Amino acid sequence: RTVSFSDVHIHEHYFILGDNPSCSRGPPSTISWEYTSLTPVSVIDFESRKPPQARSKHDFKLSPRERLSILRRNGHTMGQIVQMAALVESTKRERLQSIKECSRPKFLSNA
1 RTVSFSDVHI HEHYFILGDN PSCSRGPPST ISWEYTSLTP VSVIDFESRK
51 PPQARSKHDF KLSPRERLSI LRRNGHTMGQ IVQMAALVES TKRERLQSIK
101 ECSRPKFLSN A
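Counting in our numbering, the sequence shown tops out at residue 111, every number present.
Just to be clear, a hint being listed does not mean it is correct.
Said to hold, decoys possible - Below, computed lysine-lysine pairings styled on BS3-like, alpha-carbon distance capped at 27 Å: (1) K57 / K100; (2) K61 / K50; (3) K61 / K92.
Said to hold, decoys possible - Cβ pair distances, simulated, as ranges: (4) V3 / S48: 13 to 23 Å; (5) I44 / L87: 40 to 50 Å; (6) I10 / D59: 46 to 56 Å; (7) L87 / H13: 19 to 29 Å; (8) R1 / E47: 33 to 43 Å; (9) R1 / K100: 50 to 60 Å.
Keep in mind that the hints were calculated from the coordinates and are not lab data.
Predicted model, so just to flag it, every value in this text is computed and none were measured.
Ideal Cβ placement from N, Cα and C applies to all residues, glycine included.
Make the full structure from the sequences, and use the hints.
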């Protein structure tokens, strides 16, 4: 048996406002389910255009300022961004409260 590949199909997903409370600073972001398909490229062409070294996870990390700029450029209003930031902060506080409550010692009384 043999396996072969002919074309690479690339989808560009939209960068949108997210709701992930693990975002430490700035507005949370995510990618949309919606995407734009680019013209397929042969595997050989795709591989020849790749950088020689794999990128590290730090290469993909965006600063809060960069995320804000991209979100604004993609049509999100400051009101939407501020509203989501408030929701995320509220969720973080609720999670911290849950952690505190779960870590309290529980004493059982047999009386």
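The hints, checked one at a time:
1. K57 / K100: With a Cα-Cα distance of about 32 Å, the restraint between K57 and K100 is violated, given a limit of 27 Å.
2. K61 / K50: Since the Cα atoms of K61 and K50 sit roughly 19 Å apart, the hinted pair holds (cutoff 27 Å).
3. K61 / K92: Roughly 21 Å between the alpha carbons, so the hint for K61 and K92 holds.
4. V3 / S48: 13 to 23 Å: holds (20 Å)
5. I44 / L87: 40 to 50 Å: holds (47 Å)
6. I10 / D59: 46 to 56 Å: For I10 and D59 the Cβ distance comes to about 18 Å; the hint is violated.
7. L87 / H13: 19 to 29 Å: holds (22 Å)
8. R1 / E47: 33 to 43 Å: violated (22 Å)
9. R1 / K100: 50 to 60 Å: At 57 Å between Cβs, range holds.
Of the hints listed earlier, those the structure fails to meet are numbers 1, 6 and 8, in rising order.
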